[in-house]
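If you follow the hints, you should be able to join the two separate chains into one complex; please do so.
Residues per chain are reported as follows:
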Amino acid sequence: MNLILVTFIILLAFTSYYFGRKKALVIQSSQRLTALPKFYGYYLAAWCAAPALIIFALWSVFEPSIVKTFILQDYTDQNLTKNELQLIYTKVKALAAGTYTGNITNFLDESANKYIQLKGIANSAKVAIILAILIFSLSFAYRSVQKNDRMREPVEIFLKWVLFVASLGAVLVTIGIVFSLLFEAIRFFQAVKIFDFIFGTHWYPAKTFVRDGQPDPELMKDAFGAVPLFAGTFFIAFIAMCVAIPIGLLSGIYLSEYAGRDVRKYAKPIIEILAGIPTVVYGFFAALTVGPFVKEIGNAMGLEVSAESALAAGAVMGVMIIPFISSLSDDVMTAVPQNLRDGSYAMGATKSETVKKVIFPAALPGIVGSILLAVSRAVGETMIVVMASGLAANLTMNPLESTSTITAQIVVILIGDQQFGDPKTQSAFALGISLFIVTLFLNVIALSVVKKYREKYE
Amino acid sequence: MSKIKAENVNVYYGSKQALFDISIDIAEKEVTALIGPSGCGKSTFLRCLNRMNDVIEICRVEGSIKMDNLELNSRKLDVVRLRENVGMVFQKPNPFPKTIYENVAYGPTIHGIAQSKEEMDQIVETSLKKAALWNEVKDRLDEIGTGLSGGQQQRLCIARAISVSPEVILMDEPCSALDPIATAQIEELIDDLKKEVTIVIVTHSMSQAARVSQKTGFFHLGKLIEFGPTDKIFKNPDNQQTQDYITGRFG
Chain A
6 MNLILVTFII LLAFTSYYFG RKKALVIQSS QRLTALPKFY GYYLAAWCAA PALIIFALWS
66 VFEPSIVKTF ILQDYTDQNL TKNELQLIYT KVKALAAGTY TGNITNFLDE SANKYIQLKG
126 IANSAKVAII LAILIFSLSF AYRSVQKNDR MREPVEIFLK WVLFVASLGA VLVTIGIVFS
186 LLFEAIRFFQ AVKIFDFIFG THWYPAKTFV RDGQPDPELM KDAFGAVPLF AGTFFIAFIA
246 MCVAIPIGLL SGIYLSEYAG RDVRKYAKPI IEILAGIPTV VYGFFAALTV GPFVKEIGNA
306 MGLEVSAESA LAAGAVMGVM IIPFISSLSD DVMTAVPQNL RDGSYAMGAT KSETVKKVIF
366 PAALPGIVGS ILLAVSRAVG ETMIVVMASG LAANLTMNPL ESTSTITAQI VVILIGDQQF
426 GDPKTQSAFA LGISLFIVTL FLNVIALSVV KKYREKYE
Chain B
16 MSKIKAENVN VYYGSKQALF DISIDIAEKE VTALIGPSGC GKSTFLRCLN RMNDVIEICR
76 VEGSIKMDNL ELNSRKLDVV RLRENVGMVF QKPNPFPKTI YENVAYGPTI HGIAQSKEEM
136 DQIVETSLKK AALWNEVKDR LDEIGTGLSG GQQQRLCIAR AISVSPEVIL MDEPCSALDP
196 IATAQIEELI DDLKKEVTIV IVTHSMSQAA RVSQKTGFFH LGKLIEFGPT DKIFKNPDNQ
256 QTQDYITGRF G
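Taken in sequence, the protein lines are chains A and B. First residue of the first sequence: 6, per this note's numbering; consecutive thereafter. First residue of the second sequence: 16, per this note's numbering; consecutive thereafter.
Some hints here could point you the wrong way.
[Unchecked claim] Think about it this way: if two alpha-carbon atoms lie no more than 30 Å apart in a straight line, the pair counts; the simulated DSSO-like pairs of lysine-lysine are: (1) Lys356/A with Lys145/B; (2) Lys361/A with Lys250/B; (3) Lys356/A with Lys91/B.
These are computed hints drawn from the structure, not numbers from a lab.
So that you can see chain B by itself, here it is in the shape it has in the complex (with noise of 0.2 Å):
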């Protein structure tokens, strides 16, 4: 089942073009990675899905992008309701500079979500666990959130986005700052994740999108050059540019 279907999307950096007729269809419950190589507009089509190009003065985003039927590309939109349900972990793991309850509260906090103090425990709790983070902090819940480890913070970001429960989470290559180990436990927890959220994960390792995705997607200069199932486009892509990106001719 479709769960945001993006028709003809086109985005300018000021003059500069930088999304060219992107139309995808991400499905609900799946991981759907976007590969390509650098500078080629798979960050900001991903930005584009929780309206974060707003924060860019220069970007312009034309077209049409759904989810559920709601336009998100819409001066309408309420941008506080669609984050809500949109969750976003960033490249870089930026927690707060609060504590880790703090952190893991923030989003509850600021959406009225919890009516006392016991729920919002019950919220940092569970997110905490469901972000595989649980037991190596739970004695630690009111120290900085920045003295973890990188991928300790990284899931305390992910615990972050998922403390509101959002239906969709952005990735925007969550591991790229992380060592193995790290990147092994945030691939095992994508993989938890997806049987409750739609993931949209932005990589640069083509061999971390075929272990966590079902469906890929392939950018170049701007445009989806190809997007189909996962296996289909590691073993037996149509575009002959995928297979060459794929078999690491460039990129």
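So that you can see chain A by itself, here it is in the shape it has in the complex (with noise of 0.2 Å):
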């Protein structure tokens, strides 16, 4: 029914395009048009399609919370709680859609009737309402048109408010996400003290789980220390910018001052494929191939190597994070005007000495900030940590060992059963909304930094 009414109002305000600019040329021949005839149909199939799919949405928003209220009214005698009304209406609706199983009693049928008579109600007003709005909107765009009315400047308002509408929603959607992270782990906090989250040197959610009852207040304190996961994650960062930083910005320096055109062209899309692998490919790599390579090289040399290995994990995200760097700084090095390098070669100096002095500090900015970017993609990364490097939230600076970090603890919280409400379930609340300011932290850094190099160099 819906769908049919959406493709309606849609079919409608196309066809209402192709009348008003038929209208429109008819209008031409007698007197000056006030715009281009697909004005006419823009303002036509924009009064047509607006108002009508408006009243639609807040419809289908409002209309079954007031069914709910109308069914409802007849329990309120009976002094239930919110969670035992909820149950009453879910088995009206499933009774009313034929699916109910349980037992029927009378005054459950009566209500399931008086809900299929609602809906019904409510569709056919539906339709009603919104078949008068169509004409009601069409008919007097239709008077503007006819009286030619400016048309241009409506159009332009219509565009400049659809474009509005929907960066407010991608906004509010961001401001949503963050305020549900928020609530969620405001509840953790509320019962784990958030010293004891951001000091604690314990990960270990696992042990707070008790049959039934509330766990041990004692056993809460200890279990939701973060500083291991924190301490994880920065390591197998640091591990793989280490890899990343060095062999990326030196392939991009190859890539934009010394390849031969014909090598950049084919060097180029091959490296900018590496960040097209999918990040689980890396993450069996890193676990199937890298792991049991470094842990054999490790044994080898005598070392104790676990096979799920910080260096590993962090080793490939090095790798996954390569194309980043070097294809950003390969971009920016080359945006360098050619003015600048011809001024350099002018004055004796060799390409290394170009590339030293005058061609990386001019990209400086755009290389920094490409880095950063690249740290708090490592930072959030998680399919290579959850396959590759453990899921036990050592506290350790030991590459060889096996260590955890925040993206991958979110993963081991969220998979399998969970009970919401359980401080467990909402302690991936609050690693996420951690985990959300770093990387925020992160970008407000980069883009400052880059910002004041580039007022320093432009």
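Here is the structure:
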């Protein structure tokens, strides 16, 4: 029903576009148009689609809760809790849809009938109202077209609002996500002290699992210390950057300054392919190839190496990040004006001197930006760590041991069975918002660094 | 006295020939102007004199260019030494995104000319004075060179070029991006500099060529049509094409 209605509105909008344009051509024969004919079409189409769709959307949002209020009115005298009322409403809905299998009481049956009836009324009312609005707005718009009113401005204003609503939507969704993270995290911090979370050195949420009743507060105190996770996250990101920054920068310099046109044409896409490999592929590459390899080498050297080492995960993550750094730094160095190179060569500088003293400093803001972007990507990376670095949150600075990261622990917490309202589940939100704050912080620094250097060099 | 002697220079960009049999004698401590319509090859020729054409992959230079009997167009030539001796100033001012001081100190640092900080300070000061920029920037040497005005930037580039005491300075339309006042300052500067250095200047402005140069060469379609004392070229040229160009009938 809804689908038919929306399709109808959209089809009508298309039709009115053509109709409006045709009408403009008719007007053109007797008087000067106020805009191009297509604006007459847009004007009619916008008046046709926008009011009807807005009412339709509002109706769809509010109808269920209004119907619910009507149904539950009959139950107000029974002194039921909110959850019980919700349960009854679910039963009524299931009964109306014919999928209810429990005991059917008379009362329930009556409610279901009432529900079906209400739904029917609502549907007819919706169709009637929308048709009325369509007729109303179309005839209003048609009158303006007939009078040859100014067409360009209303269309431009309409487009401005469409764009505004789109960006507002994007912003609101982001804010919504942040707030839902925040609220769950706050509930977590009601169970666990924020101090224990930030400064605790033991992460072992499974310990708090109790079959029934509340877990022991003493246990809670010691189970949610996030220090090992933060340490692990930054440690693995650090290893990754140790691999990615030198290789990425050097290959970026080679591509932009040394490689001939042909080499660049083929090498650059190949490096960019690295960025297109799904991270899960990197993950099993790290777990099945690099991890055992590191272990073997280590054992041969007489070191004790865990099969899931931070080194393996970090190194593979570094490989994953190389294309970001090399491709971005190649771009910013290529963008340095040729006349700076000429100026340097004309002074008798060699290629490497020119790169070191002119090109690199001039491109530095862009390079720093790309590195910080890569760091925030490394901090947020999940799959490689889950697969290659283990899930035990060890607090260690030994690259040969296994360690875990914030992202990996969120995965561990949320896969399998979980109970909402359990501190263990809620801790995922607390970790999520900490991660969000860290990456936000990195991005802000990146932007301000880039801005500062840009002021200096431009 | 001849400083640079070019004989039968031919330049190709890929399969396209850009210069045809250019032979020219550039006299020491004089200003030689190269004029001609756009795309006539005057800049290409200028770039042969400090081997800047090496930067362009598809460019090939044939013939002989001698500076003080040293063959420039030879594989064995040390390009770094050559460019220390032959400075260049470009059409668009191109100071490095560094401080004014670092811009001037760039050449001396690369070529290891200054032994101490005091010596470097001295070189920077002398160069900026010679480029008539010292009084304007002496209190802000640690500001970024790109923050100066267009004319100041171009004089900074000239200071950078003379910081390594070259014997020759090549100028590729150095005033085409500048306003008349800045242009006048640069022309005055050229007049001063020619006491110590040989200058070759490519210019679109014939009045500029007439004002600053002692010798003028007229290029057209990759050929050197006429070369001689500036007075003669502008007042009584031998060639009809030169006459037409000077009087503004084409170009």
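### Message
Check whether the Cα positions of Lys356/A and Lys91/B lie no farther apart than 30 Å.
### Response
holds, 18 Å
- Query: Is the Cα-Cα distance between Lys361/A and Lys250/B 30 Å or less?
  - Reply: violated, 50 Å
Next on the checklist: What's the verdict on Lys356/A and Lys145/B, does the C-alpha distance respect the 30 Å limit or exceed it?
Outcome noted: holds, 29 Å
In terms of the numbered hints stated before, the structure departs from hint 2 and from no other.
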